[in-house]
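Residue numbers (UniProt numbering), protein chains in the order written: chain A, 1 to 393; chain B, 1 to 431.
These aren't lab readings, by the way, just hints derived from the structure by calculation.
Just so you know, these numbers come straight off a predicted model, no measurement behind them.
Cβ coordinates follow ideal geometry from the N, Cα and C atoms, glycine included.
Heads up, a few of these hints could be off.
As the list claims (entries may be wrong) - Quick list of in silico lysine-lysine cross-link-like pairs, DSSO-like style, CA-CA up to 30 Å:
| no. | chain 1 | residue 1 | chain 2 | residue 2 |
| --- | --- | --- | --- | --- |
| 1 | A | 368 | A | 106 |
| 2 | B | 367 | A | 12 |
| 3 | B | 367 | B | 118 |
| 4 | B | 244 | A | 137 |
| 5 | B | 271 | B | 295 |
| 6 | A | 368 | A | 318 |
| 7 | A | 195 | B | 244 |
| 8 | A | 195 | B | 118 |
| 9 | B | 244 | A | 35 |
| 10 | B | 93 | A | 44 |
| 11 | A | 12 | B | 295 |
| 12 | A | 31 | B | 295 |
Stated by the list, open to error - Chain A stretches covered by chain B per the calculated footprint, using a threshold of three residues with CB under 8 Å from any CB of chain B:
| no. | region |
| --- | --- |
| 13 | 18 to 28 |
| 14 | 200 to 211 |
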Amino acid sequence: MTKNCHNDYKMKFTTDEEFPDLSLHNNHMAKVLTKEIYEKLRSKSTPSGFTVDDVIQTGVDNPGHPFIMTVGCVAGDEESYEVFKELLDPVISDRHGGYKPTDKHKTDLNFENLKGGDDLDPNYVLSSRVRTGRSIKGFTLPPHNSRGERRAIQNLSIEALSSLEGEFKGKYYPLDGMTDAEQEQLIADHFLFDKPVSPLLTCAGMARDWPDARGIWHNDNKTFLVWVNEEDHLRVISMQKGGNMKEVFKRFCVGLQKIEEIFKKHNHGFMWNEHLGYILTCPSNLGTGLRGGVHVKLPKLSTHAKFEEILTRLRLQKRGTGGVDTASVGGVFDISNADRLGSSEVEQVQLVVDGVKLMVEMEKKLEKGESIDGMIPAQKFVCDPQEEDKSIC
Amino acid sequence: LLKHVRNISRHRTFLNMIHSFSRILSSKRNIGILSLMGGSVAAGFLLQREHASAGSPLRRRYPASSEYPDLRQHNNCMASNLTPAIYAKLCDKTTPNGYTLDQAIQTGVDNPGHPFIKTVGMVAGDEESYEVFADLLDPIIKERHNGYDPCVMKHPTDLDSSKIHSGQFDDRYVLSSRVRTGRSIRGLSLPPACTRAERREVERVVVDALAGLKGDLTGRYYSLTQMTEKEQQQLIDDHFLFDKPVSPLLTCAGMARDWPDARGIWHNNEKTFLIWINEEDHTRVISMEKGGNMKRVFDRFCRGLKEVERLIQERGWEFMWNERLGYILTCPSNLGTGLRAGVHVKLPLLSKDPRFSKILDNLRLQKRGTGGVDTAAVGGVFDISNLDRLGQSEVQLVQTVVDGVNYLIECEKRLERGQDIKVPPPIKQFK
Numbered sequence: 001m002t003k004n005c006h007n008d009y010k011m012k013f014t015t016d017e018e019f020p021d022l023s024l025h026n027n028h029m030a031k032v033l034t035k036e037i038y039e040k041l042r043s044k045s046t047p048s049g050f051t052v053d054d055v056i057q058t059g060v061d062n063p064g065h066p067f068i069m070t071v072g073c074v075a076g077d078e079e080s081y082e083v084f085k086e087l088l089d090p091v092i093s094d095r096h097g098g099y100k101p102t103d104k105h106k107t108d109l110n111f112e113n114l115k116g117g118d119d120l121d122p123n124y125v126l127s128s129r130v131r132t133g134r135s136i137k138g139f140t141l142p143p144h145n146s147r148g149e150r151r152a153i154q155n156l157s158i159e160a161l162s163s164l165e166g167e168f169k170g171k172y173y174p175l176d177g178m179t180d181a182e183q184e185q186l187i188a189d190h191f192l193f194d195k196p197v198s199p200l201l202t203c204a205g206m207a208r209d210w211p212d213a214r215g216i217w218h219n220d221n222k223t224f225l226v227w228v229n230e231e232d233h234l235r236v237i238s239m240q241k242g243g244n245m246k247e248v249f250k251r252f253c254v255g256l257q258k259i260e261e262i263f264k265k266h267n268h269g270f271m272w273n274e275h276l277g278y279i280l281t282c283p284s285n286l287g288t289g290l291r292g293g294v295h296v297k298l299p300k301l302s303t304h305a306k307f308e309e310i311l312t313r314l315r316l317q318k319r320g321t322g323g324v325d326t327a328s329v330g331g332v333f334d335i336s337n338a339d340r341l342g343s344s345e346v347e348q349v350q351l352v353v354d355g356v357k358l359m360v361e362m363e364k365k366l367e368k369g370e371s372i373d374g375m376i377p378a379q380k381f382v383c384d385p386q387e388e389d390k391s392i393c
Numbered sequence: 001l002l003k004h005v006r007n008i009s010r011h012r013t014f015l016n017m018i019h020s021f022s023r024i025l026s027s028k029r030n031i032g033i034l035s036l037m038g039g040s041v042a043a044g045f046l047l048q049r050e051h052a053s054a055g056s057p058l059r060r061r062y063p064a065s066s067e068y069p070d071l072r073q074h075n076n077c078m079a080s081n082l083t084p085a086i087y088a089k090l091c092d093k094t095t096p097n098g099y100t101l102d103q104a105i106q107t108g109v110d111n112p113g114h115p116f117i118k119t120v121g122m123v124a125g126d127e128e129s130y131e132v133f134a135d136l137l138d139p140i141i142k143e144r145h146n147g148y149d150p151c152v153m154k155h156p157t158d159l160d161s162s163k164i165h166s167g168q169f170d171d172r173y174v175l176s177s178r179v180r181t182g183r184s185i186r187g188l189s190l191p192p193a194c195t196r197a198e199r200r201e202v203e204r205v206v207v208d209a210l211a212g213l214k215g216d217l218t219g220r221y222y223s224l225t226q227m228t229e230k231e232q233q234q235l236i237d238d239h240f241l242f243d244k245p246v247s248p249l250l251t252c253a254g255m256a257r258d259w260p261d262a263r264g265i266w267h268n269n270e271k272t273f274l275i276w277i278n279e280e281d282h283t284r285v286i287s288m289e290k291g292g293n294m295k296r297v298f299d300r301f302c303r304g305l306k307e308v309e310r311l312i313q314e315r316g317w318e319f320m321w322n323e324r325l326g327y328i329l330t331c332p333s334n335l336g337t338g339l340r341a342g343v344h345v346k347l348p349l350l351s352k353d354p355r356f357s358k359i360l361d362n363l364r365l366q367k368r369g370t371g372g373v374d375t376a377a378v379g380g381v382f383d384i385s386n387l388d389r390l391g392q393s394e395v396q397l398v399q400t401v402v403d404g405v406n407y408l409i410e411c412e413k414r415l416e417r418g419q420d421i422k423v424p425p426p427i428k429q430f431k
């Protein structure tokens with residue numbers, strides 16, 4: 001157990017003196033954190049020394065976001081979710097549609113369970129992508145890890161990824177070691193990630209020591225990409241132009257499982273438990289950590305009065321094509337699953353496949369000047385996406 | 001004489017505190033007070049304290065060599081001085097509050113260099129940082145302060161403004177005069193490390209003391225969290241309002257945490273004496289006015305500072321200060337006097353003369369644009385101020401600025417008359 005001198009020193013002040021001013025705040029942490037909870041948690045720290053103030057700093061520093069309700073807290077290690085459960089369980093419940101501390105999360109990376117997904121109209125669906133994150137057991141997370149840990153994560157990742165073969169054979173580009181030519185190519189391919197500028201991330205300490213031990217790995221085909229030490233230990237991305245989500249998801253599942261095998265062999269499997277699924281830095285990415293989506297042209301549907309409602313019922317979300325903090329350009333939207341926790345990878349990608357297919361049909365109808373009122377779907381539920389008239393489980 | 005007076009007032013303060021205020025009997029502050037009882041005793045006490053109350057070793061699963069930062073692209077004072085050996089020696093140490101070396105150097109690791117200036121690249125989280133991490137901070141201080149050696153030299157403090165002569169500049173050239181410094185409240189951690197409670201305590205202590213200022217120093221406090229829109233607009237118009245730091249030099253050091261909690265601005269009704277609370281330091285104290293009456297600006301500066309000090313001492317507090325490093329502030333570049341005395345001065349002809357930089361160097365002055373440290377000059381108007389902070393007293397530095405600016409104005413006038421100018425001989429570094 002690590003002694004956290006700074007936290008011991010802080011305990012000399014009362015809860016009232018230390019409690020943050022959240023009067024102008026609108027994020028999940030601010031809605032949940034009471035003085036009672038803070039009082040209970042402030043004397044604790046995880047074995048690696050992460051404290052409740054560390055957890056909430058990003059939420060204190062960032063009162064709100066113009067487009068989305070942010071989470072406002074992060075985990076510093078796997079144990080954070082246990083040690084600070086009084087705070088994180090309600091945050092998780094709010095963020096993940098009422099997910100209870102006793103609920104179990106189902107993991108399903110069997111791509112054969114996905115129905116359809118290979119016939120999304122490429123005239124509308126410009127590209128398909130599935131991403132997730134993975135944390136490596138035995139290391140603390142990006143808000144908290146030291147340079148030594150981050151470098152060890154990088155070394156382990158390089159070793160694991162360089163052993164991949166076939167369609168997964170590829171190369172690692174460390175951020176602080178790439179040539180100018182390599183950098184330009186990665187930018188042109190839209191692969192290069194840069195030092196985070198979002199205060200949501202920088203206030204949580206995730207950009208420390210940049211670009212030390214950060215890098216990008218991708219296969220020679222440029223369809224499978226891994227980010228090392230950005231917001232999570234690993235971000236794994238499968239993508240390609242066009243609408244064949246089935247192929248994208250297959251590559252995703254196969255690649256992930258190969259990588260996991262190798263890490264397990266090194267006695268550093270992925271952080272996972274049956275309550276929270278895959279453990280990641282941000283509570284919003286628990287469960288599958290999966291965002292499966294497409295860039296799709298919906299100029300007519302997106303201006304339809306019921307667009308938002310359709311998305312909500314389909315359990316999908318929209319973003320601009322620049323990512324989470326952007327607006328759409330030219331009627332092209334990034335449409336992806338809204339859920340992460342409480343449903344499996346297959347279920348979530350199924351929602352995307354079915355939902356996007358429906359929306360493209362709607363768009364075509366609107367192009368012909370026809371009404372889509374008869375096509376508006378009923379509310380989808382995550383436990384049984386096939387049966388539309390079942391009540392909430 | 002002045003130092004003797006200071007020691008007596010400190011001793012009295014010490015006694016007042018022990019007898020009058022039960023709150024200050026927390027071990028933290030007692031340590032702070034006891035440390036001012038004489039040189040070698042303090043040094044010995046501090047050394048013991050570092051081992052006695054620093055707590056268990058840090059979480060360290062990797063050897064120092066695996067943790068040592070990659071500084072190959074870096075050009076700041078920290079990077080120039082942090083050898084792997086020094087890192088290995090200090091990386092497991094903590095101050096009594098738990099502040100670590102990694103935290104202190106984080107800003108320098110995250111910010112390899114600045115286009116115009118060689119940054120320091122390291123901050124202090126508390127007063128004790130300057131002791132616990134002395135093996136790194138002493139050489140940084142020596143480099144940044146042009147050879148001042150904290151191991152052997154003493155820093156003179158002198159706030160007797162009556163000693164300034166020729167301190168009134170030609171108003172046709174000098175548009176405004178300003179003197180600023182910072183002060184830290186002993187017993188509370190500095191902005192990179194302070195908790196919310198400590199920051200709020202700084203605000204309480206200082207605002208409470210400032211309420212006691214009278215006469216031309218009477219004023220009021222505007223808390224960043226409470227001010228009305230009207231007040232905010234007025235402060236912006238007066239160029240008083242400071243905003244959340246955006247410079248990564250500051251944000252990477254953790255100084256913007258919990259913004260705007262416990263931050264605020266105090267100024268006197270005449271708008272000539274201004275105090276920032278909990279920005280980059282506990283307090284930044286500024287005296288200013290339009291025109292060239294630097295003497296009056298410095299008079300008010302000294303008077304105001306001494307009065308504020310008296311008021312906080314009445315309440316059992318004091319400023320962080322020692323005779324090795326002078327006034328203790330967050331950034332090592334502001335140690336000593338923490339003083340920047342300057343003017344906005346019109347030098348259109350002189351600034352185009354190729355000898356301008358050399359003249360400034362020899363006068364131990366620096367130029368900035370009128371927007372501050374990261375800006376360029378506009379319309380031939382420059383911000384001219386002292387280069388040095390540590391190793392000379394406040395009076396010496398302000399006199400240097402006074403003498404230097406008078407010389408620059410003389411040069412400008414000569415150039416106007418078509419006469420030639422001379423580069424003055426370099427001023428001695430430490431007097």
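These are the hints, each one checked on the structure:
1. A hinted pair counts as satisfied when its Cα atoms are at most 30 Å apart, and residue 368 (chain A) with residue 106 (chain A) does not qualify at roughly 42 Å.
2. In summary, the hint linking residue 367 (chain B) to residue 12 (chain A) is not supported, as the alpha carbons are separated by about 45 Å, beyond the 30 Å threshold.
3. In summary, the hint linking residue 367 (chain B) to residue 118 (chain B) is supported, as the alpha carbons are separated by about 15 Å, within the 30 Å threshold.
4. Only pairs whose Cα atoms come within 30 Å are accepted, and residue 244 (chain B) paired with residue 137 (chain A) is rejected, the gap being roughly 37 Å.
5. For the hint linking residue 271 (chain B) to residue 295 (chain B), the alpha-carbon distance of about 17 Å falls within 30 Å, and the restraint holds.
6. For a cut-off of 30 Å, the pair hint linking residue 368 (chain A) to residue 318 (chain A) stands: about 24 Å separates their Cα positions.
7. Simply put, residue 195 (chain A) and residue 244 (chain B) have alpha-carbon atoms about 21 Å apart, close enough for the 30 Å limit, and the pair holds.
8. Between residue 195 (chain A) and residue 118 (chain B) the CA atoms are separated by roughly 22 Å; this keeps the pair inside 30 Å, and the hint holds.
9. Proposed proximity of residue 244 (chain B) and residue 35 (chain A) is supported: the alpha carbons are some 26 Å apart, at most 30 Å.
10. Of the supplied pair hints, the one linking residue 93 (chain B) and residue 44 (chain A) holds, its CA atoms being roughly 22 Å apart against a limit of 30 Å.
11. The hinted pair formed by residue 12 (chain A) and residue 295 (chain B) fails the criterion: a straight-line CA distance of about 45 Å is larger than 30 Å.
12. The straight-line distance between the Cα atoms of residue 31 (chain A) and residue 295 (chain B) is roughly 54 Å, outside the 30 Å bound, and the hint therefore fails.
13. For the region 18 to 28 of chain A, the stated coverage by chain B is satisfied: 4 residues place a CB nearer than 8 Å to a CB of that chain, which reaches the threshold of 3.
14. Here the region 200 to 211 of chain A counts 6 residues with a CB under 8 Å from a CB of chain B, which clears the bar of 3, and the coverage holds.
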